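**Student:** Protein chains in written order, with our numbering: chain A, 1 to 335; chain B, 1 to 529.
These aren't lab readings, by the way, just hints derived from the structure by calculation. It is possible that some hints are incorrect.
Unchecked claim - If you anchor each label on the Cβ, the simulated ranges turn out as follows: (1) A/A268 <-> B/K510: 29 to 35 Å; (2) A/E147 <-> B/A6: 21 to 27 Å; (3) B/G468 <-> A/E147: 21 to 27 Å; (4) A/Q146 <-> B/Q454: 30 to 36 Å; (5) A/G292 <-> B/Q125: 37 to 43 Å; (6) A/P219 <-> B/P439: 33 to 39 Å; (7) B/Q454 <-> A/L75: 37 to 43 Å; (8) B/Q125 <-> A/E147: 28 to 34 Å; (9) B/G144 <-> A/A158: 36 to 42 Å; (10) A/G195 <-> B/Q125: 51 to 57 Å.
Said to hold, decoys possible - Capping the alpha-carbon separation at 30 Å, the derived lysine-lysine pairs in DSS-like fashion look like this: (11) B/K432 <-> B/K398; (12) B/K432 <-> B/K526; (13) A/K308 <-> B/K460; (14) B/K297 <-> B/K460; (15) B/K153 <-> A/K247; (16) B/K398 <-> B/K442; (17) A/K224 <-> B/K16; (18) B/K346 <-> B/K302; (19) B/K460 <-> A/K318; (20) B/K526 <-> B/K292; (21) B/K442 <-> B/K460; (22) A/K247 <-> B/K16; (23) B/K292 <-> B/K263; (24) B/K460 <-> B/K432; (25) B/K393 <-> A/K247; (26) B/K393 <-> B/K153; (27) B/K460 <-> B/K510; (28) B/K346 <-> B/K432.
This structure is a prediction, so every number in the text was calculated from the model and none was measured. Each residue gets a CB set at the ideal place from its N, CA and C atoms; glycine is no exception.
Letter by letter, the chains look like this.
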Amino acid sequence: MTDLLTFTPNGIYCAAGDFYIDPWRPVDRALITHGHADHARPDMGHYLATEAAAPVMRHRLGDISLDTVKYGETLTRNGVSISYHPAGHVPGSAQIRLEHKGEVWVCSGDYKTVDDGLSEPFEPVPCHAFITESTFGLPVFNWTPQEMLAQQINDWWATNAANGTFSLLGCYALGKAQRLLRTVDPSIGPILTHGAIENTNQILRGQGIALPDTTLVTPDLDVKANAGALVLATPSALNSSWAGRFKPASTAFASGWMALRGVRRRRAADRGFIVSDHADWAGLNSAIAATGADRIFVTHGYTSVFSKWLNEQGYNAKIVETQFDGESLDHTEAD
Amino acid sequence: MKDFAALFTRVDQTTKTTVKVAAMADYFRTASDADKLWTVALFSGRRPKRVITTTALREWAAERAGLPLWLFEECYPIVGDLAETISLFLPPSEGHEDRPLSHWINELKRLSSLDDTARRAGILQAWDSLPQIERFLFTKLLTGGFRIGVSQKLMTRALARATDQDEAVLTHKLMGNWTPDTTTWAALIEADDPTADLSRPYPFYLAYGLENLDELGPTTNWFIDRKWDGIRGQLILRGGEHHLWSRGEELMTDRFPELAQLKDYLPDGTVIDGEILAFQNETPLSFNALQKRIGRKTVPKKVLAEAPVILMAYDLLETGGVDIRAQALETRRNHLENLLESTPTKAPIRLSPEVTGDTWGALAAERARSRDLNAEGLMLKRRDSPYLAGRKKGDWWKWKIDPLTVDAVMIYAQAGSGRRANLFTDFTFAVKNGNDLVPFTKAYSGLTDAEFRQITQWVKRNTQERFGPVRQVPAEHVFEIAFEGIQASPRHKSGIALRFPRMLRWRQDKPVDEINTLDDLQQMLKTYG
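Generate coordinates for the entire structure from the input sequences, incorporating the hints supplied.
**Tutor:** Structure below.
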């Protein structure tokens, strides 16, 4: 019997249903796990995504042919049952479950197991074969619990605000930024945003996700009147002249990579908050165990180490080469 | 060590030196003398002796975490710091132990006297009982080099502020071979006379690379001599003894035993700054000759005969037991000339000759002769400059010759450590030999962070094979490699070894076909080796 999903130069392919999942080359039919640029690429003939992922995709990809699906709703194509289940990664993100002749495969895209207070929480989906990422698939990655994280960020901001110092926080435009917005205490001071982040804020507000008030940074913004503000920006903006107007400032990045001192020091940031929309070591292991799958396909990240580990744990794990980026500090997803 | 951990956290959570100095000064005002002394020792490179092998530490950490050792070994190059890897790899700490820094250092000493089983128990006990940051710092003490974002210079500045002393005086007090076991806070920091310790060197004055020749004014304002290609050394003659210090504050007295006879030719109470050179027939030998003597604690007769050394003297810091560093260079130089005037040729010391030229053009021509004289360029020193402590801008410049260069292709990449963790920064380069590529050097520096990030992305996507932490990559990217010297080396496949190789630039314009060949390198070896 051939596998339900195969890994082709175009992307992850389902021959029985004749469609791809998160393909990286233009194809006729694309099932999309979430709106990040390395998963939702332009020029597909037709897209299928969750309702909550659709507005961002439309914003980023323009006038596309897009159908939407509710979480848990089942569609059938050429005898393949298709359903989307929350991946907990960003709002609207999904694991895609396929069933064909009693064989169940789940392609998880990017996921995290902790509830971030923003995204639909991750749900384990039993399956025979599970496609997992491994962005942080090493035991040195252990995320700070959400409450402690909130306290760390709020303490940092409040201390800076008391000194009239700006708090510049670098984060992804989709998902991370809004998660942080819902984590911080807006009573500390004003919140300013970079254009890339504010665009996404508006889209998510438009689909009913509550976010605290934010002010877009424009050339005529009265910087002095906002002294002590929290400034949310993409990592690349934080290193550019755009950030130069906020003085004095304390800079920070919010990323899973901040678990490593060396990476944080290289970014020359004052603070690094360990927060990721990808699963940490414990999260990956618990998610995989919860699927009950014995075949595991390991995509982007520490693939060789993580698959070796899984094989030692008794899984049948294989590495799959993909063009997904995972979480990177060194190039921001396009927006 | 809660207070020490709090200091670490304050220093680690900022990139601003003013904040770091303030945090250190606060600590020096409040900590106990024993802890302060150890803190000064740690930040000036005097770490406690390593009592436990890193192999044992890795194994114990993996056992404690209940994870295989190979997984630990995979994490280490990604984290880039052994102590940090251990503290992240262990189960999250629930410890609350708060004992002083000096307690934990004594604990290390106690463990060193025990057998392996007891050491293991002691270390595991410490890991379990210490909170997360303290656990990291304790492990850092175990594993060596204690660098946590504060240079000795910043630490000294903070100490100066906290103790209300002059920074240069403190810098001087902290020189030499003291350890917290051989001195006390009162004797080291609070006592008034830094020369009470007869072996104590003066802080070296370090020059910056020349930035702009046009700003120097007339040549007559400058005293100019060769930038000798040896080892910087400070010779101290006091109390009938002699001591030879390296710039890195290492005592080199025993490595260069021939300099002991200088006691017979020079008066007591003399301190000379100069360059140790392999020297024969009144000519400096190449650095390669001196290299045979570096790293040797004792010197066999054969090596002594092959590479005899002298001190090429260029400055006088103390004469007649008096510190004359505040006097003008010209005055110090006159004293030095008088002192060396009567020393016979057989004495292993020479006066670094002045290089003269009426114009900067004439001096540039002198500089161009450097390689023939086994020198690295010229030193330009303002005639009225005092002898300062540390690297200071303005009065002293080094005007180095351009390095030798070859174009080579990158064939292997490895991740760096510390702030370069998880970034591919350590590359192996090859030149052509017929249709083959021959690896001939590694290089780690010279690219911008942005370039390293770019090449890292490429390495991740283009890895052909992995050998542990080393990635083999397609021979596509050409770099101009600069180096200061070349010598024959039977240990290397290419038969050559380079001195101070680094990447001068990434030649994205250059095809691999046009890189240099092994023949080119052998030709360079003939000319410059």
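**Student:** Taking the hints in turn, state whether each one holds.
**Tutor:** Status of each hint after checking the structure:
Between A/A268 and B/K510 the beta carbon distance is about 31 Å. The supplied range of 29 to 35 Å therefore holds. A C-beta distance of roughly 22 Å is found between A/E147 and B/A6, which places it inside the suggested range of 21 to 27 Å. Between B/G468 and A/E147 the CB atoms are about 40 Å apart, so this pair departs from the stated range of 21 to 27 Å. With their beta carbons about 34 Å apart, A/Q146 and B/Q454 fall inside the hinted range of 30 to 36 Å.
Checked against the given bound of 37 to 43 Å, the beta carbons of A/G292 and B/Q125, roughly 40 Å apart, stay inside it. Take A/P219 and B/P439: their Cβ atoms lie about 52 Å apart, and the range 33 to 39 Å is violated. Checking the proposed 37 to 43 Å range against B/Q454 and A/L75 shows it holds: the Cβ atoms sit about 42 Å from each other. Between B/Q125 and A/E147 the beta carbon distance is about 30 Å. The supplied range of 28 to 34 Å therefore holds.
At roughly 38 Å, the beta-carbon separation of B/G144 and A/A158 lies within the given 36 to 42 Å, and the hint holds. Between A/G195 and B/Q125 the C-beta distance comes to about 54 Å, which sits within the given range of 51 to 57 Å. Simply put, B/K432 and B/K398 have alpha-carbon atoms about 35 Å apart, too far for the 30 Å limit, and the pair is violated. For the hint linking B/K432 to B/K526, the alpha-carbon distance of about 18 Å falls within 30 Å, and the restraint holds.
The hinted pair formed by A/K308 and B/K460 meets the criterion: a straight-line CA distance of about 18 Å does not exceed 30 Å. Between B/K297 and B/K460, the direct Cα distance comes to roughly 43 Å. Violation of the 30 Å bound is thereby established for this hinted pair. In summary, the hint linking B/K153 to A/K247 is supported, as the alpha carbons are separated by about 27 Å, within the 30 Å threshold. A C-alpha spacing of about 26 Å is found between B/K398 and B/K442, which places the hinted pair at or below 30 Å, so the restraint holds.
Straight-line distance between C-alpha atoms of A/K224 and B/K16 comes to about 22 Å, which keeps the hinted pair within the 30 Å bound. With a CA separation close to 19 Å, the supplied pair B/K346 and B/K302 stays within the 30 Å bound. As the CA atoms of B/K460 and A/K318 are separated by approximately 18 Å, the hinted pair is consistent with the 30 Å bound. At roughly 19 Å between alpha-carbon atoms, B/K526 and B/K292 fall within 30 Å of each other, so this suggested pair holds.
Between B/K442 and B/K460 the alpha-carbon distance is near 19 Å, which keeps this suggested pair within the 30 Å criterion. Restraint check for A/K247 and B/K16: the C-alpha separation of about 14 Å stays at or below 30 Å, so the hint holds. Taking the CA atoms of B/K292 and B/K263, the gap is about 25 Å. The hint holds against a cut of 30 Å. Between B/K460 and B/K432, the direct Cα distance comes to roughly 25 Å. Compliance with the 30 Å bound is thereby established for this hinted pair.
For the hint linking B/K393 to A/K247, the alpha-carbon distance of about 29 Å falls within 30 Å, and the restraint holds. About 15 Å separates the Cα atoms of B/K393 and B/K153, which keeps this hinted pair within 30 Å; it holds. Simply put, B/K460 and B/K510 have alpha-carbon atoms about 22 Å apart, close enough for the 30 Å limit, and the pair holds. Our distance criterion of 30 Å between C-alpha atoms is broken by B/K346 and B/K432, whose separation comes to about 48 Å.
The structure shown violates the earlier hints numbered 3, 6, 11, 14, 28.
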